[in-house]
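J.: Residue strings, one per chain:
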Amino acid sequence: MKTAEKEWSPKILAFLCNWCSYAGADLAGISRMQYPPNIRVVRVPCSGRVNPYFIIKALQRGWDGVLVSGCHPGDCHYISGNLVARRRFAVLKDLLEYVGIEPRRLNFSWVSAAEGEKFANVVKDVVEKVKALGSAKRLVKR
Amino acid sequence: MKWKVLEKSELPALVAKLTEEYEVFAPVKEKNIVSFERLSSENQAYLDFWNTKKPPKDVFFPQTETLFTYRIAEKDVEIVEIPAAKGKRVLFGVRPCDARSFVLLNKFFSSGEHKDVYYLEKRRNTTIFGLACTSPRSTCFCTSLGGSPFGKDGMDLLLQDINDKYLIETITEKGEELVEKFPSLKDAEKADVERAKKLSEDAETAVKSKVSVKDVSEKLDRMFEDPLWDQIYQKCLGCGICTFLCPTCCCFDILDEETVEGKRVKIWDSCQFSCFTLHGSGHNPRSSGKERMRQRIMHKFNYFVNDFSEIFCVGCGRCVQECPVNLDIREIIGAISARQAE
Amino acid sequence: MEDLENLIREIAKKLLSEKKVDLIIGYEQGTLPLHTTPCFVDKAEDVKKLVWNASCDANLSKYVVDRKEKVGVIAKGCDARLIAVCAIEKQFPRENVVIIGIPCLGVVDRKKIETKLGDREVLEAIVEDEQIKVKGEGFELVLQKNDFLCDSCLTCRHRNSPIYDVFVGKKVPEVKGANEFAEVSSLESKSAEERWKHFKEELSKCIRCYACRNVCPLCYCKMCFVDQTMPAWFGKTNDLSDTMIYHIVRAFHVAGRCVDCGACSRACPMDINLRELMKKTEKIMKERYSYEAGVSLKEVPPLGEFKMEDSQEFIK
Amino acid sequence: MNNPYIPNLAAIRKIIIENEAKDIKTFELVFKDPEAMKNFRYKCGQFAEISVFGAGECPIGLASSPMDEDCIQFTVKKVGVVTTALHNCEEGTVIGVRGPYGNGFPLERMEGRNVIIVGGGFAFTTLRSLTKFILHEANRDRFKDLTVIYGARNPGELVYKYDLEAWGKRDDINLNVTIDRAVPGWTGLVGFVPAVLKEVAPSSDNALAIVCGPPIMYKFTMPVINELGFRPEDVFLSFEMKMKCGIGKCGRCNIGNKFVCKDGPVFSYKEFQMMPKEY
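Chains as they are written, first to last, in numbering that gives the first Met the number 0: chain A, 0 to 141; chain B, 0 to 341; chain C, 0 to 315; chain D, 0 to 278.
Any given hint could be a false lead.
[Stated by the list, open to error] With a straight-line Cα cutoff of 30 Å, these simulated DSSO-like cross-link-like pairs (lysine-lysine) come out:
#1 D:K42 x B:K218
#2 B:K106 x D:K42
#3 C:K196 x B:K53
#4 C:K315 x A:K56
#5 C:K199 x A:K56
#6 C:K199 x B:K289
#7 A:K128 x C:K18
#8 B:K16 x C:K42
[Unchecked claim] Just so you have them, the derived chain C footprint on chain B, three or more residues with Cβ under 8 Å:
#9 17-27
#10 183-193
Since the hints were derived computationally from the structure, they do not count as laboratory data. Built from N, CA and C at the ideal position, the CB exists for glycine as well.
Just need the whole structure built from these sequences, with the hints factored in.
T.: Laid out in structure tokens, this is it:
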């Protein structure tokens, strides 16, 4: 049992915007930066494309954590997609935490195409936090 | 027919003994809501209720029931059938109106070429231990629909509260089989049976709410296009309270569920939901609340009567009590029967 | 009360006979004690059916969406605010609706009375300004109305419709000093685990009858997300995960629009306190975006717009 | 007790794309269990519940003829969840089949009589089953003249072109294929089904008519059928409704007190006239 616990590592679903964060992740890769291999990336045109259902569905399917990353405010390829998304995520996060979802499972970041290092750090941080929480149980459909 | 007496203090012991031999489902009170639950060491039967919030239909017709599971391996599929529950069950504390619903549900689920085995198997393994109704509510109208507060339809045994003790009336062989497991039960005396009879008559007169269903079905034959439907549906919200809490409503949907393994499930559905009849093409033959309300009333008071010579309503009054906008089925029936025959 | 009832009838009669509206949506006596039921009056001579008392709990704004004719609606503070929200969201042309504002001292929560009475059934009830007289088999009680009001009404901020075309009677004083978020705050102070346990227990009672959704004037979607099949986002069974998601997403959908009319909690046959969830959305909106729904006909709900300086402490 | 909800497993042996839009395909199925294949006896006009595991079930009319013993066929238009999932299946995929269900066409009543088959659009599937059945050498003598009128929006939407071609060469069938509007290269009939029916004017003497198509076609075809002198009890229509169980239990496909799944899907025009207009 002990070893199994040691071996467990979280699965994180990451929604990365095509114009900034995805490019940032790419830069991290090209620059040979090391970060944990626990994320699976879904490339989206904009963080505004991330329907709250995506996040909830990920939790329901048993992903241990979710990361949504987009362009910095003001830098959105579609002018304001990330700003609309920001309010949406704020409310969703507050609401999910209120019903008892562990706050650290829901992660959001702004990572530009030039911020490869930030991306690597965000992933490291998210993986560490989720690892500390253990595997997801709440809202997971068995 | 046999009559036994049971001291009131002995009831918990009787129920406890039942749980040793049967899976017992009985009314359980939790946070003000009484509903039928499987008895375990963690809960206990609660008999001091008017009626349960949900009808007992879900013991045989659960809100969600897995029909079978399947495993998909590339292009191939393997179906894993769910073995029918073999365990003997007792459904304890069912009110006569709800017990009567099983008579109707049995007729329906066992009709036709293809029978609903999921309902029927569970029903067959179950002994229904009714509980007579000594103080009906103002919304009860069972006597208008062929039932009565001490009615025995659909039951194997009937427990009757005769003030200082209980009488147990065995109705069927199944009921007798159960009673035989309690050899210590004494036979009832004539006076006890007399008292039960008196209480039964009192309870019957206590059902004040009446609806006239005499020629409702015939009238409905000619009322499909009646302007009445344009009126009555207006305030209906289209929620599923009346149908989900109805002891006889049993429409369902079949879906594939996404879980670790594939599952095909049967779930409660309601004719009041707009998606109930929505075609894949987007066409909906019952596109507004009017058609949906008409379907509910027609199904209960006309279509079912044509097929089974019974009205598909037992007068339990749940839909009357729980409707958020006080849309009262008794008024609808009243309006139909008030229609002049042309 | 008598008074307001007559005033309502007069105004309804006037609006109908002057052809300002085709239909008045109000309340009439229900078939059970403590119940009224929505009523649709299209003839001036029928206005005598209209009643007004503290059991007029249905939210009539539900019946305004999708209506072609011109309607006059009897609107309590909460009803009027929801009409405003739906009007901002262009669910009907504002000019098609005459809001008949009415001062409201709160509506009765029948569940509270039932809890108080236990097994005793109310057979007759008279609802007055201060008191509710209930009678039943072998009992007669006088209840103080304020002890049996809906939770929403106890902390109501708009007992007088903030938006109206006609106002009936005199405005009543607003509730003072009530902490509308007391329940939410007390839940917030608990641990995530305790909150999870709480909501799990509460929502596991749900039977997916969708009364909470269908009674809600804001749930006017032609096809609800739970009914969608392509893709079928979430399951329709009473599986706990799916059921909780249904309620969470519904709360999310009414965030910034919900005015705490309490209709969902009242409608729930399983006595789920949905208000706990809905009220949280109100709190979020107030704290993050200083927004209160249904008090203006101009401001768009927060999730329909954004500001550069919006809070983003949760984003790295 | 026999469990009616468990489907038989069947593998897709062949997929035929039927139309230009590629949203109508015919699926040829072979049961995994040869015994089940043998036991699956059906009548023209019946349907089955098709399962695509993971997507669900939906009712589809049997398009093959009961005389085809080694496989069954379903022609499916891509519309909803299950049909879309089915369209995404490849040959070899195993799906489920429950049935056959419904009453089917009144073959006994057709024997010794002239048969007129009128179909529009993709609803032609069960009519194709019927036509194939009647044309089968073992059956052809049992029926008199066979007239088929089949219309589609344009040539690309005509299904079963291979059958139509073969039938066109026979002299024991009066085949009339029409398209709604003329297009270059089309040398056949042009016009809506009711108009063509009027022109062909099959005699109603000792004849039975089977009509199957979209509701709008019924609306305009029935007056012509009446004009031609068919008695309401000699005309049969096939209906479509939202169905789930297929066995008269789930409660949604009724028109009045008739369940389309078990009392139908085929109703005589006489029955139809008695039914409430809720379909």
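J.: Would you mind marking each hint as holding or not holding in the structure?
T.: Hint-by-hint comparison with the structure:
1. Of the pairs offered as hints, the one joining K42 (chain D) and K218 (chain B) is violated, with about 37 Å between alpha carbons and a cut-off of 30 Å exceeded.
2. Simply put, K106 (chain B) and K42 (chain D) have alpha-carbon atoms about 28 Å apart, close enough for the 30 Å limit, and the pair holds.
3. Among the hinted pairs, K196 (chain C) with K53 (chain B) is consistent with the structure: their alpha-carbon atoms are about 24 Å apart, no more than 30 Å.
4. In summary, the hint linking K315 (chain C) to K56 (chain A) is supported, as the alpha carbons are separated by about 23 Å, within the 30 Å threshold.
5. At roughly 18 Å between alpha-carbon atoms, K199 (chain C) and K56 (chain A) fall within 30 Å of each other, so this suggested pair holds.
6. About 36 Å separates the Cα atoms of K199 (chain C) and K289 (chain B), which puts this hinted pair outside 30 Å; it is violated.
7. With a CA separation close to 66 Å, the supplied pair K128 (chain A) and K18 (chain C) exceeds the 30 Å bound.
8. A threshold of 30 Å between alpha carbons decides the hint, and for K16 (chain B) with K42 (chain C) the separation of about 65 Å lies outside it, so the pair is violated.
9. Using a Cβ-Cβ cut-off of 8 Å, 0 residues of the region 17-27 of chain B lie near chain C, which falls short of the minimum of three, so the contact claim is violated.
10. Check on the region 183-193 of chain B: 0 of its residues sit with their Cβ under 8 Å from a Cβ of chain C, so the three-residue criterion for coverage is violated.
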